[in-house]
Amino acid sequence: MSNWDILWSSYDVFLNGFYNTLKLFGLSAVLAFILGSGIVFLLEGSRPRLKIPLRIFIDAMRMLPFLILAYLLYYGLPSAGIRMSAWTAGIIALVIYHGAYFAEILRGCRATFAQGQVEAAIAQGFSQPKMFMRIILPQLILKTRGLLGNQLIILLKDTAFLVIITVRELTAAASSLSSTYFIPMEAFIVVIGFYWMISIGLELLIKMIGRFGAKRGFENA
Amino acid sequence: MPETAAVSIRKLSKSFDGTEVLRDVSLEVQTGEVVSILGSSGSGKSTLLRCINWLERPDHGDIRIDGDRIGVSDSGKPMSRRELAGMRARLGMVFQGFNLWPHLSVLRNVTEAPIHVQGVSKAEAEERAMALLEKVGMVDKRNDYPYTLSGGQKQRVAIARALAMQPKVMLFDEPTSALDPELVGEVLGVIKDLSKEGYTMVLVTHEMEFARAVSDQVVFLDKGIIIEKSHPSEFFVNPKTERVRRFLELEVPVA
Ligand SMILES: Nc1ncnc2c1ncn2[C@@H]1O[C@H](COP(=O)(O)OP(=O)(O)OP(=O)(O)O)[C@@H](O)[C@H]1O
Ligand SMILES: [Mg+2]
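Sequence lines, in order, name chains R and D.
According to full-length UniProt numbering, the first sequence holds residues 1 to 221 in order.
According to full-length UniProt numbering, the second sequence holds residues 1 to 255 in order.
Hints in this document: simulated from the structure, not taken from any laboratory.
There's no promise every hint is true.
[What the hints assert, rightly or not] Where chain R lies over chain D, by a calculated footprint (3+ residues, C-beta under 8 angstroms): (1) 110-122; (2) 141-147.
[As the list claims (entries may be wrong)] Using 30 angstroms as the maximum straight-line C-alpha spacing, the simulated BS3-like pairs for lysine-lysine come out as follows: (3) D/Lys229 / D/Lys196; (4) D/Lys223 / R/Lys130; (5) D/Lys229 / D/Lys240; (6) D/Lys223 / D/Lys11; (7) R/Lys130 / D/Lys229; (8) R/Lys215 / D/Lys223; (9) R/Lys215 / D/Lys141.
[What the hints assert, rightly or not] Residues from chain D shown here face chain R by an in silico Cβ test under 8 angstroms; the list is partial: (10) Gly86; (11) Pro102; (12) Arg212; (13) Ala213.
Glycine included, every Cβ here is placed at the ideal spot set by N, Cα and C.
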């Protein structure tokens with residue numbers, strides 16, 4: 001039996017890992033994006049007391065290696081009496097870490113947003129949340145789609161770190177197969193294929209948003 | 001009982017960083033009236049207009065729309081955001097820079113606030129929007145996006161957008177100043193039609209001929225003070241102050 005045959009016979013392990021990675025990625029990406037947008041909304045206008053803590057949060061996350069955050073949540077917090085499953089810890093780590101990055105990307109773009117459009121919305125009686133959701137956020141997404149796409153790919157790759165806190169995702173699957181059968185090369189090549197598949201899916205999504213934007217004159221992302 | 005003015009401004013003052021930009025400005029705009037605000041650059045015209053819908057917060061004085069005070073509730077406290085939004089919806093504003101929302105089609109620019117602020121049904125909002133786009137001659141472009149439009153077209157859509165909220169009063173801040181000369185006429189034409197239909201309008205403009213033709217009242221601001229307020233036949237022909245006379249000499253080209 002060749003090494004590839006061994007892998008083929010354990011395709012269910014890969015599929016399970018792939019499924020878990022997709023779930024981790026999908027859930028964290030959505031929640032992180034909501035968190036990032038929420039932060040940018042809170043940074044709007046008249047809430048000076050929130051500004052400083054939110055800035056500190058964003059910068060703290062940006063200066064922290066992701067792996068350490070994951071470690072801290074899973075292995076560190078129990079000593080403070082907070083215990084959670086590897087999955088929960090992993091998702092929380094991904095969400096707050098990448099949420100901070102999403103916030104930073106969107107905030108940077110918000111700072112260059114034409115004030116006139118905001119005034120037009122205020123003059124028409126829009127409430128702040130509605131204005132943010134309907135006027136500001138859609139344009140921030142169209143304008144930062146390239147950066148958001150990159151961040152999503154980084155998020156995807158960061159899911160692989162969670163193998164270290166025992167989450168059974170794609171990299172964990174490859175790692176366990178490779179150590180069971182001593183075929184690291186083949187096992188990891190297969191997972192690379194899976195990661196590429198997801199990344200290509202993401203690229204397509206960003207392209208679609210790009211076409212949507214181009215139709216509206218948002219050419220240069 | 002005297003009729004309630006559509007807009008009533010009393011003793012309005014406003015400073016930016018200690019510099020007084022408006023001082024003791026009082027002005028009444030009756031329903032159906034067109035009032036033009038003239039004055040040289042920096043005299044406070046935009047600030048006055050922006051105070052009316054509370055985009056700028058006045059330091060002193062009060063502003064009433066149809067008798068209701070904007071910005072300050074009956075109890076004397078500052079209005080809640082919701083109350084303020086409700087008052088603002090009575091005023092339609094058209095900006096020099098159009099300020100259309102680029103991610104939305106022409107039609108959606110016009111239906112957005114009626115649907116999401118006033119809670120009008122989509123069907124009704126679209127019906128309203130189509131009638132307004134018809135009025136400003138932009139029906140054919142309803143599915144286009146703002147970036148494909150000329151400045152004049154953008155401004156006509158912006159006017160339709162403001163009208164879609166069925167405001168009591170329309171405010172125009174130099175609606176043609178950002179336009180190429182050949183596009184000015186189409187926008188002024190729309191505004192003129194509105195004046196004929198009896199819309200109440202406050203208009204900041206540098207188009208003297210136009211102000212003369214459409215206004216019921218002309219107001220001249222000089223360094224934040226109204227120094228002249230009169231009917232255009234009086235204002236343009238027989239200005240009371242030396243300041244206005246000089247202004248008119250510079251602004252109105254000798255034919
Ligand atoms: N937000 C602001 N902060 C500080 N100063 C301001 C602000 N807005 C306006 N000003 C100042 O107030 C003065 C009046 O400005 P305003 O825009 O009302 O003039 P204007 O008559 O509309 O001029 P223009 O014809 O150039 O549009 C100007 O000196 C301007 O610099
Ligand atoms: Mg101005």
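Which numbered hints fail: 4, 7, 8, 12, 13
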